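Student: So the chains spell out like this:
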Amino acid sequence: MPNALLNSPVPLSWYLILSAVLFGLGVAGFIFRRNIITVFMSIELMLNAVNLTFVTFSYQFKQVDGHIYSFFVMVVAAAEAAVGLAIILTVFKNRGTLMIDDVNSMKY
Amino acid sequence: MNLWLIPIFPLLGFLANGLFGRRIPKALINVFAVGSVLLSFAWVVKTLLALDPIETKYIEHYFTWIQSGTLNIGVDFAVDRLTAIMLMVVTGVGALIHIYAVGYMEHEGGYYRFFAYLNLFMFFMLVLVLAQNYLLLFVGWEGVGLCSYLLIGFYFSEQFATTAGNKAFIVNRIGDFGFSLAVFLIIRQFGTLDFGKVFDAAKGLPAEGSAGILTTITLLLLVGATGKSAQIPLYVWLPDAMAGPTPVSALIHAATMVTAGVYMTARSAALFTKAPITMETVAVIGLATAFFAATIGLAQTDIKKVFAYSTVSQLGYMFLGVGVGAFSAGIFHLMTHAFFKALLFLGAGAVIHGLHGEQDLRQMGGLFKHMKITATTLLIASLAISGFPFLSAYYSKDAILVAAYAHAPWMYAVGVLTAGMTAFYVFRAWFMAFTGEYRGHAHPHESPLVMTGPLMILAVLSIFGGFIKVPHILEPMFGEGPENLGLELLSAGVGLLGIGIAYVFYVVKPGLADSFAKGAGGLYTLVYNKYFVDEAYDATVVEPLVEGSRTVLWRGIDAGLIDGTVNGVGTRSRGIGSILRLAQSGNIRSYAAWVVLGSIALLLAIGFAGDLR
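Residue numbers (this note's numbering), protein chains in the order written: chain A, 1 to 108; chain B, 109 to 721.
If you are wondering where the hints come from, they were derived from the structure by calculation, not from laboratory data.
Note that this is a predicted model, so its numbers are computed, not measured.
Careful: at least some of the hints might be erroneous.
Far from chain B, by Cβ distances over 12 Å, these chain A residues were calculated [stated by the list, open to error]:
hint : residue
1    : Leu16
2    : Ser19
3    : Phe30
4    : Ile31
5    : Ile36
6    : Val39
7    : Glu44
8    : Val55
9    : Tyr69
10   : Val75
11   : Ala86
12   : Ile100
13   : Val103
14   : Asn104
15   : Met106
Simulated restraints on C-beta separations [as the list claims (entries may be wrong)]:
hint : chain 1 : residue 1 : chain 2 : residue 2 : range
16   : A       : Ser105    : B       : Ser686    : 34 to 44 Å
17   : A       : Ser13     : B       : Leu688    : 34 to 44 Å
18   : B       : Leu688    : A       : Asp102    : 22 to 32 Å
19   : B       : Gly685    : A       : Asp102    : 24 to 34 Å
20   : B       : Gly668    : A       : Ile87     : 50 to 60 Å
21   : B       : Ser686    : A       : Ala78     : 37 to 47 Å
22   : B       : Leu688    : A       : Phe57     : 22 to 32 Å
23   : A       : Ser105    : B       : Leu712    : 33 to 43 Å
24   : B       : Gly668    : A       : Ala77     : 56 to 66 Å
25   : B       : Gly685    : A       : Val75     : 36 to 46 Å
26   : B       : Gly668    : A       : Leu89     : 27 to 37 Å
Facing chain B, a subset of chain A residues (Cβ under 10 Å, in silico) [said to hold, decoys possible]:
hint : residue
27   : Val27
28   : Arg34
29   : Phe72
30   : Lys93
31   : Arg95
32   : Asp101
33   : Ser105
34   : Tyr108
C-beta atoms are modelled at their ideal positions from N, C-alpha and C, and glycine is treated no differently.
With the hints as extra help, turn the sequences into a complete structure.
Tutor: Structure below.
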């Protein structure tokens with residue numbers, strides 16, 4: 001019954017699987033990409049994957065906590081974007097590169 | 109009665125001179141230093157007149173010092189007849205010596221420092237005699253030790269003075285160690301340190317036939333007394349203490365501080381009389397000290413050293429007195445000794461002052477015509493210490509000797525022999541200094557009135573001090589001692605004999621002494637070198653201690669163990685850190701990988717832990 005399929009709610013696990021996949025993509029991007037901008041976007045992707053989990057559980061349990069947390073995360077992400085982009089700009093100005101492996105002077 | 113005023117005056121004098129002495133004129137320093145002691149003396153006189161006759165102990169409680177469980181230690185001052193005598197001696201003789209010191213120290217550097225220390229000494233000494241419990245007495249006890257150290261090392265630019273100060277301090281530490289152990293034992297045994305309570309409790313105990321707790325306590329107190337009062341085996345510091353200025357030798361190392369051990373023993377009479385073994389030990393130590401110190405005194409050539417060994421010897425008499433149970437006789441001799449020995453030292457100081465620092469008897473001679481007052485007063489003091497009839501020591505020393513005879517005749521015999529030697533060495537010093545031809549090169553002159561004045565007052569006290577019947581005054585506390593006129597005359601006769609021999613040796617036939625010394629040979633060398641006791645102590649105690657400290661404590665424990673541990677911890681940390689820091693690669697992606705791996709590990713761990721649960 002196609003109608004029944006359309007009217008039945010999306011199961012919880014589907015949301016969680018999507019969220020896990022998005023998070024996994026973020027992690028992979030962070031570890032394997034070398035461009036700082038891409039790495040930065042991967043971080044945003046991870047944050048939003050977590051947001052999705054929050055909202056999912058909030059919907060499932062009919063509680064508002066998850067929404068509130070996701071707003072917090074968005075605020076932090078916005079602030080982080082501002083600071084992060086500023087850092088990236090400065091790094092580029094000073095070193096002329098966006099390759100993350102070249103920015104490694106802070107070591108033993 | 110405000111007993112606290114008595115010690116507080118000298119303390120204020122100390123503060124005034126110690127804090128501002130550098131900036132104020134000498135006259136003002138004198139006012140503070142001498143004035144504070146005179147005020148203190150005046151207050152003592154006023155208090156004693158108001159309390160007279162002191163039938164029971166007068167106690168003032170100021171505040172609780174230590175409150176711990178059932179132990180309650182207060183700051184209490186008290187006056188009974190024993191304290192009254194000590195107060196008069198300390199403040200009276202102390203005031204005279206302060207006045208004398210104004211003249212003696214006139215040309216010395218560190219003038220204000222000297223009087224500040226001297227006033228501080230008076231403060232602690234008065235706390236010592238006024239204290240109504242063992243801990244407060246110990247405060248005074250340690251305080252006078254500190255001042256003694258400071259004043260022995262007064263000429264701190266001289267190596268021998270600082271060494272002598274250190275020696276006095278360290279030797280006294282040994283005695284004080286015994287004293288503090290005794291205090292702990294008293295707390296354990298009686299639960300209090302208050303004199304009244306301890307002695308009342310001790311009166312209820314039986315006399316100990318064999319060694320018991322009271323014997324232990326009193327023997328430890330005796331260890332403290334031998335340190336402070338320079339008895340065998342801890343007497344070695346006192347002769348060296350003569351490195352200090354002469355008024356210090358007179359006040360601290362003859363008249364007052366060194367008698368603190370005798371005072372403490374008499375104060376603790378209630379404990380000592382219950383421990384016959386300790387009493388016998390006290391008597392034997394006192395007698396042995398009196399005898400050996402006197403023999404050493406026979407051959408010394410430094411005028412202050414002669415009197416120093418004489419002090420050790422006379423302190424031995426006092427211990428003999430308290431040891432045979434004649435506490436009042438011991439205190440009697442303490443008082444007369446304070447008079448004539450202070451006079452001997454101050455007179456010696458006047459001689460040294462008049463000869464611009466010369467102390468060697470061989471560089472003196474014929475000084476009588478140059479300094480008549482000093483010579484006359486010193487003659488009186490010498491007669492007094494020799495037990496010349498009707499002078500002060502005739503009464504006090506004989507009170508001790510008669511009591512010793514009643515205890516054991518052999519002690520009397522040794523005591524009389526010592527009395528003869530005392531007369532001999534004192535008059536040897538007097539004849540060598542004042543008769544014959546002058547052998548030195550300085551220009552002798554008499555001292556000013558500020559110095560000779562105290563000499564004359566002390567001479568009067570040395571003559572008439574014996575008529576202050578201390579045993580009678582102390583009779584309610586210690587009972588009356590025996591009397592025996594025959595024995596008194598015998599010891600006085602031996603004293604005269606000693607004077608006569610000294611006269612023959614050093615006036616009639618001056619060469620006789622040297623030939624006699626040559627004849628005695630090894631014995632003379634032995635005595636002249638003080639039985640090599642210092643050398644023996646060096647070899648058996650000091651050197652092993654220094655060597656042990658150097659090899660075991662310093663190189664072994666300090667440099668090896670402690671430094672090794674600390675440095676080892678540092679080296680290991682650096683080693684581990686040098687490996688761990690490799691993780692700090694600077695590569696952001698590797699950090700991220702570590703975070704991911706760590707998170708996975710954590711998740712797995714939580715998962716497994718959940719399974720286990």
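Student: Please write out, lowest number first, the hints stated earlier that are contradicted by the structure.
Tutor: Of the numbered hints given earlier, those the structure breaks are 3, 4, 5, 6, 12, 13, 14, 15, 16, 22, 26, 29, 30 and 31, listed in rising order.
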